[in-house]
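Could you put together the complete structure from these sequences and hints?
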Amino acid sequence: MSATTRSEGSMFSAYRFIPRRSLVVLAGMAVVVGVLAFTVADKFYLHVLIMMLFYASISSAWNIVGGFAGQLSLGHAAFFGIGAYTSTLLFINFGVSPWIGMLVGASLATIVSGAIGYPSFRLRGPFFTLVTIAFAEVLRLLTLYAHDLTKGSIGISVPFRPAAGNFIFRQVSAYAFVALAFLALTVLVSLWIEHSRLGYYLAAIREDEDAAQALGIDAARYKLVAVLISAFLTALGGTFYAQYIFYIEPFQTFSLDFSVLLAMMAIIGGLGTVWGPVAGAFLVTPLQEILQAELGGALQGLHLVIYGTVLIVVVILLPQGIVPSIAAWAKRTFGQRETRPAASRKEAA
Amino acid sequence: MGAILAQVAVSGILLGGVYALISIGLTLIFGVLRVINFAHGEFLMIAMYASFWLFSRYGLDPYGSIVLVVVLLFLVGLLIQFLVIRPILNASASMQIAATVGLSILLQNLALVTMTANYRSADTALSKAVISVGPLLLGVSRVVAFLVALTITGLLFLFLQRTYLGKAIRCTAQDRTAALLMGINIDRVYLVTFAIGSALVGVAGALLMPLYPVFPTVGTYFVLVAFVVVVLGGLGNLTGALLGGFIIGLVEAFSGFYVPELKEAVYFVVFIAVLLMRPTGLFGVVGAEEVGLK
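Here the protein sequences come in this chain order: A and B. Going left to right, the first sequence walks through residues 1 to 349 as my numbering numbers them. Going left to right, the second sequence walks through residues 1 to 294 as my numbering numbers them.
What the hints contain is simulated information worked out from the structure, not anything from laboratory work. We put the CB at the ideal spot given by N, CA and C, even for glycine. Just so you know, nobody snuck in bad clues.
Label pairs and their computed distance ranges (CB to CB): (1) B:A178 / A:L317: 25 to 33 Å; (2) B:R120 / A:V32: 43 to 51 Å; (3) A:E294 / B:N90: 33 to 41 Å; (4) B:A273 / A:I111: 15 to 23 Å; (5) A:L317 / B:V71: 30 to 38 Å; (6) A:R332 / B:A178: 35 to 43 Å; (7) A:L142 / B:F159: 40 to 48 Å; (8) A:F334 / B:R120: 50 to 58 Å; (9) B:V71 / A:L23: 54 to 62 Å.
Which bits of chain B does chain A cover? Going by a derived footprint, with three or more residues having C-beta under 8 Å, they are: (10) 90-104; (11) 217-231; (12) 262-274.
In silico negatives: residues of chain B with every beta carbon more than 12 Å from chain A: (13) R57; (14) V70; (15) F74; (16) S127; (17) I131; (18) L137; (19) V148; (20) T153; (21) A173; (22) T177; (23) L211; (24) L282.
Below is the structure:
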């Protein structure tokens with residue numbers, strides 16, 4: 001009973017400190033990526049690096065709802081598309097800097113996510129997933145329909161006007177640093193959620209929503225907070241994508257396949273963990289980019305055959321995902337060495 | 001104008017028959033296994049390719065090869081149930097969705113790699129045949145698909161009501177634990193149900209072949225419609241899926257007539273409205289959306 005009153009206004013306060021280890025990992029990753037961005041001369045590998053960082057960020061953003069809150073959304077392409085289209089349309093039509101457009105798009109996506117999330121979170125399991133698919137499809141179809149504004153299926157090209165203020169860089173490595181900053185932001189937000197009251201509420205909701213509510217957790221409210229944060233971050237990724245690829249069209253940006261890809265990376269890496277989506281994206285993206293480049297049109301789709309298989313195998317054999325499974329394995333193999341002698345000493349005594 | 005509207009309505013109902021046929025397998029599987037098969041559309045794609053190759057290689061009319069396609073899909077269903085669905089029956093909803101989505105990605109791209117992205121269609125003698133009934137024009141293939149959909153639903157209903165296996169399936173759908181306690185081999189019920197659900201979409205694939213071209217992502221379009229239909233009819237509700245198919249067929253026909261560019265958006269909006277206001281579907285039992293889904 002007092003749980004509700006105590007929680008008022010304090011869901012963002014850190015419940016436990018963010019472990020220094022995680023921050024060290026993040027800093028280490030930043031250093032490695034920074035060095036790679038400067039040293040990798042091959043444009044293609046630089047592109048792979050950027051896409052890895054990009055997917056890791058968006059998949060982490062998805063994971064806030066899909067993983068932490070346990071609500072399997074397959075409609076995140078909607079937020080991504082809103083971000084991409086808002087900043088691009090503002091830039092092309094009104095010359096608004098995509099940096100500002102990015103924030104406008106993210107705010108718009110946040111509002112839309114609230115409007116979608118509020119009624120949808122009453123639904124559970126597959127019903128929630130289906131409604132998220134339907135919302136994203138409606139947005140895609142409306143984007144196609146409003147072709148006067150969006151140029152419909154022709155798509156929009158972002159004009160190449162390199163300037164830092166235009167979020168367009170001549171140096172490809174600059175995109176790597178922007179993507180890195182974006183990944184650092186989503187990982188920090190994830191770490192902070194994981195160790196805040198909000199994270200604990202979300203974990204409780206994920207494990208058993210009825211029990212969480214019986215304990216006084218306002219499930220609808222916290223799920224909504226999770227989707228607002230997730231949508232904001234996902235939309236930032238949409239702007240980055242538009243500025244880096246220079247071309248957006250409804251079938252790609254609003255596609256169910258894109259939403260599925262984000263979920264897939266997080267599930268393969270480890271659903272509901274901070275590092276799972278990052279690991280998943282780092283594993284899956286190079287495979288995708290390299291196979292696509294090597295095999296090209298001849299065997300397009302082969303990387304997706306591999307993805308699909310990996311996804312099924314992970315779900316059946318490692319339902320926790322790769323990161324938690326490795327962590328558990330490490331604990332078993334390296335942890336035992338410490339505990340066994342202690343136990344035998346006890347027996348001896 | 002009246003004649004045109006009547007024509008639109010009849011087209012909608014015929015289209016609805018096809019949608020219903022695709023949806024019945026999906027809803028049967030959900031009702032019993034409580035798993036939404038996101039790869040259902042890919043089963044349809046497999047059936048259509050099978051039907052296409054039998055037609056173009058061996059000159060078998062899609063209606064003639066229907067039994068072969070159904071048997072093939074029944075076997076595909078057995079295999080998939082054994083390899084993919086059985087291990088995840090007790091997993092969380094998220095994991096079940098992930099596994100079937102993975103299966104969908106796998107099958108779709110396997111088709112892309114082996115069959116290429118080309119559209120292939122079987123122009124049979126009946127493909128473009130039209131009969132006129134009074135002022136109305138009816139495509140023969142559509143009428144056949146419609147009549148078969150009704151017949152199959154009727155047969156399935158009889159099977160579930162009259163046979164021992166059918167009763168075991170309904171019993172398992174109502175309460176798996178009780179079914180187990182009554183000595184029903186629910187593992188086998190799941191296996192058979194999944195295979196029957198797959199065989200039903202096999203029928204649909206064979207009937208669609210004279211009407212639509214087949215390509216690797218053909219299932220995506222139809223499976224989204226099937227989701228709309230089954231939720232509208234109430235997940236797990238067979239007659240609901242039949243009626244849901246007709247409703248969506250009519251919605252699509254009329255919105256295609258009045259707002260052609262937005263016809264898909266219209267039924268997705270209907271879908272969202274139904275999910276949000278009555279997630280149990282128009283004919284579902286209240287509370288059904290939460291059974292076993294937590």
